[in-house]
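Using the sequences provided together with the hints, build the complete structure.
Just so you know, the protein sequences line up as chains A and B, in that order.
All letters in the first sequence, in the order written, are residues 1 to 453 by the UniProt record's numbering.
All letters in the second sequence, in the order written, are residues 1 to 453 by the UniProt record's numbering.
No wet-lab data here; the hints were simulated from the structure.
Please read all numbers here as calculations on a predicted model, not as lab measurements.
Some hints here could point you the wrong way.
No distinction is drawn between identical chains; accordingly, a pair holds when it is met within one copy or between any pair of copies.
As a list, the in silico EDC-like pairs of lysine to aspartate or glutamate whose alpha-carbon atoms are at most 20 Å apart [said to hold, decoys possible]:
(1) 55 x 431
(2) 120 x 234
(3) 424 x 399
(4) 420 x 431
(5) 424 x 161
(6) 120 x 213
(7) 326 x 6
(8) 307 x 361
(9) 121 x 234
(10) 326 x 305
(11) 326 x 118
Protein chains: 2
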Amino acid sequence: MSYIEELVGLLGSERVTTNPTVLEHHSHDESYHTPHLPEVVVFPQTAEEVSKIMKFANEKRIAVTPFGMGSSLEGHVIPYKGGISMDFSLMNQVLEVRPQDFLVRVQPGVTRMQLNKELKKHGLFFSVDPGADATVGGMAATNASGTTSVRYGVMRDNVRDLEVVLADGRIIRTGSMTAKSSSGYHLTGLFVGSEGTLGAFTELTLRVYGIPEATMAARASFPTVQDAVNTVVDILSAGIPVARIELVDERSIRQVNLFKETDYPESPTLFIEFHGSEQSLQHDIEFAQGIAGEHGCTQFLFETDSKARAQLWDARHNMAYAFVHKSPGKKMMVTDVCVPFSELADAIVNAREAIDRSGLDGAILGHVGDGNYHVILMIDLNDKDEVARADKLNAHLVEYALQRGGTCTGEHGVGIGKMKYQRKEHGAALDVMQSFKQVLDPNGILNPGKIFG
Amino acid sequence: MSYIEELVGLLGSERVTTNPTVLEHHSHDESYHTPHLPEVVVFPQTAEEVSKIMKFANEKRIAVTPFGMGSSLEGHVIPYKGGISMDFSLMNQVLEVRPQDFLVRVQPGVTRMQLNKELKKHGLFFSVDPGADATVGGMAATNASGTTSVRYGVMRDNVRDLEVVLADGRIIRTGSMTAKSSSGYHLTGLFVGSEGTLGAFTELTLRVYGIPEATMAARASFPTVQDAVNTVVDILSAGIPVARIELVDERSIRQVNLFKETDYPESPTLFIEFHGSEQSLQHDIEFAQGIAGEHGCTQFLFETDSKARAQLWDARHNMAYAFVHKSPGKKMMVTDVCVPFSELADAIVNAREAIDRSGLDGAILGHVGDGNYHVILMIDLNDKDEVARADKLNAHLVEYALQRGGTCTGEHGVGIGKMKYQRKEHGAALDVMQSFKQVLDPNGILNPGKIFG
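If you want it as structure tokens, here you go:
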């Protein structure tokens, strides 16, 4: 009897499949990394089923790769060792909303937008917004963040408790429902960002927030990237609680204008969002506008109405598409370094020079409040020279960041794309990480070939 | 040659001592737990020296217990296995202030007040305030917090990077200087709160904040604990960014009046602090006062002047003393449970009933924004019955909290006092913690007998 038949014995035939279309769907993510088929896809419905599958796979030394929505950006969910792709789409229940505790208990297959739809009924929202409608399980696995982390923190800040199934089938809880704890080692923070290499999440308790009374959006254009970043420094130093603050560089605005036939000022642009009371927003926006003016801001627009806000941010939302659309047949490679805030302006200027030197087409957008910025490159995977130039550019950006106290990945995670930088970034600490991996997954069945190679 | 003579060979005779007074100083903390002498106290000056001592102790299987200020509350620094007490008072330099990054690099022996004195020159402050003038190394080791965590987070939220010396002498860095990272396992969060059982910290990079433009303090009295807690719920739900919000119960205010001959209203009282601009504070205080009024507030006072603010909070500051002063010869036992916010009012009412039932004298104060509250008991350690009643009360409070998704310790840590509750709180996750301990400290030399027993 093949191991797949045994899996059918465990889960039933409907939730164990080798259907080619399903296998193909689980062979890739949204990145440029080479796809690889799993041997079988399973759809567990409970932690106990996940535990049974794990125990089985561990005994048989079969690779298990957890799969949410497949929206990862560094090959995280690609099952390079074949084996089992464990799809959590049937574990997609919002289990409990606790408005007074600002908490929600969910299954890992719940998506960000699904969760926010449910929370809206309670006047609450889940803050982490990586753009894609990822599952919360996947977001926790990569410690995702995005545009709102400057105000509300990253995924790790918003996961209060996890139920985790370990490689040997043990089911543990890593935290509690309290706002703080000094009891035992902080396993929650360790499992968040472990990219499926230490265990599979079967339940998450997440921190949520009250929907702000009012929201305001602004767009501000500047002569130089430094002017824009200095504006951000002054806004944050003054304690203005911006909810989002994004930078898009001049070249990227030009691409949007080409793509959308718009006439946005082709200069470094900040996209800002404010959350608060109507009264406080009035104060915040005036303050921000004043600071922007001191740094040579050439245009400052703001809107409160939901539709007008979306239009104001249109260039930001369309930036990736503007490049994708103009690059048929190419694949997107997104860099993800993060530097100390004080290094950001220089880093972005340096990145733009490096892109131009490489001869590649590339957008820059930055979660500037965090010191995190992306270079979005469109590359032809069949053009070896182009791939090599993109790799070299990526390596340059990482090297630049690491030399200045930065990290190779601010929010996308390591997957396979950032593996080669792990030793350089972490030094001897990488051995400590590997020893934890070894102790929890001695047979190496959990998402093998990721983070450590 | 004794191992102490060998240590002298490593560090020189001036920084290795068996002086009885020094040994005695390193035999206890501020808790009621039984003191125990170390065999020797060492005073390293560099990470390299710490590494040398560790390697030596690891080879000889000698216990090493890191020591900061000795202000721990659960016996953390008491060297029950004798051996080496490693005192970090000579590693007390503020190494670098990076105002634009809101970061500071410090050695572990720097104290909270020393750090704030230095930061003040840059218009910055370090937010974590556990009351005692602890060292930042000790605060990181216990994941300390205190009155300000409702706004600025706990120690773990504010440690960006650690240099750690492991049991075998390896020196690692756990993080980076960036605001966020998804690179590798989150070791920083794991080492914070590990209570000296996984390694010794030799450098910390900490998040700091701009000193607020204005500060306002308030004191509000309520008919019942529920009214006070409901006020907190509404204030926090409305997004009023209070910097501190503390509850003191009726019995405790009465004790302060007895001790200080004051006439504070003997009813549940909230002590609040607001940080912001003068304009925003005006708005915040009016809003808070309005909410308090809706919940039956009988007296609401507020002050901006620094001296007047201190006076307004006088009853809060004096509460512990009021009990200590009236209980000569007794030792303080402080409980530290934390519950989900929605459970807090009931938990405090239940705690007061349990204290009264126990026949012990006890204050209740709560970091109510976090769901964390302390019962401060004065006990005669020679009175076995009293000790037994205090233990029983503590166990009752922990049991109550754990049944409601809470934790046995919100901010003091496990040490030896909360060890007996670890299995109940963490279940199978405790085995995972122990496996990490085993892999990093196979000879069990690091602060033995803590957390796991």
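Hint check:
| no. | hint | result |
| --- | --- | --- |
| 1 | 55 x 431 | between (26 Å within a copy, 17 Å between copies) |
| 2 | 120 x 234 | between (33 Å within a copy, 19 Å between copies) |
| 3 | 424 x 399 | within (9 Å within a copy, 46 Å between copies) |
| 4 | 420 x 431 | within (14 Å within a copy, 32 Å between copies) |
| 5 | 424 x 161 | between (31 Å within a copy, 16 Å between copies) |
| 6 | 120 x 213 | within (13 Å within a copy, 35 Å between copies) |
| 7 | 326 x 6 | neither (48 Å within a copy, 71 Å between copies) |
| 8 | 307 x 361 | neither (31 Å within a copy, 61 Å between copies) |
| 9 | 121 x 234 | between (36 Å within a copy, 18 Å between copies) |
| 10 | 326 x 305 | neither (31 Å within a copy, 61 Å between copies) |
| 11 | 326 x 118 | neither (37 Å within a copy, 54 Å between copies) |
Checked against the numbered hints above, the structure breaks hints 7, 8, 10 and 11 and satisfies the rest.
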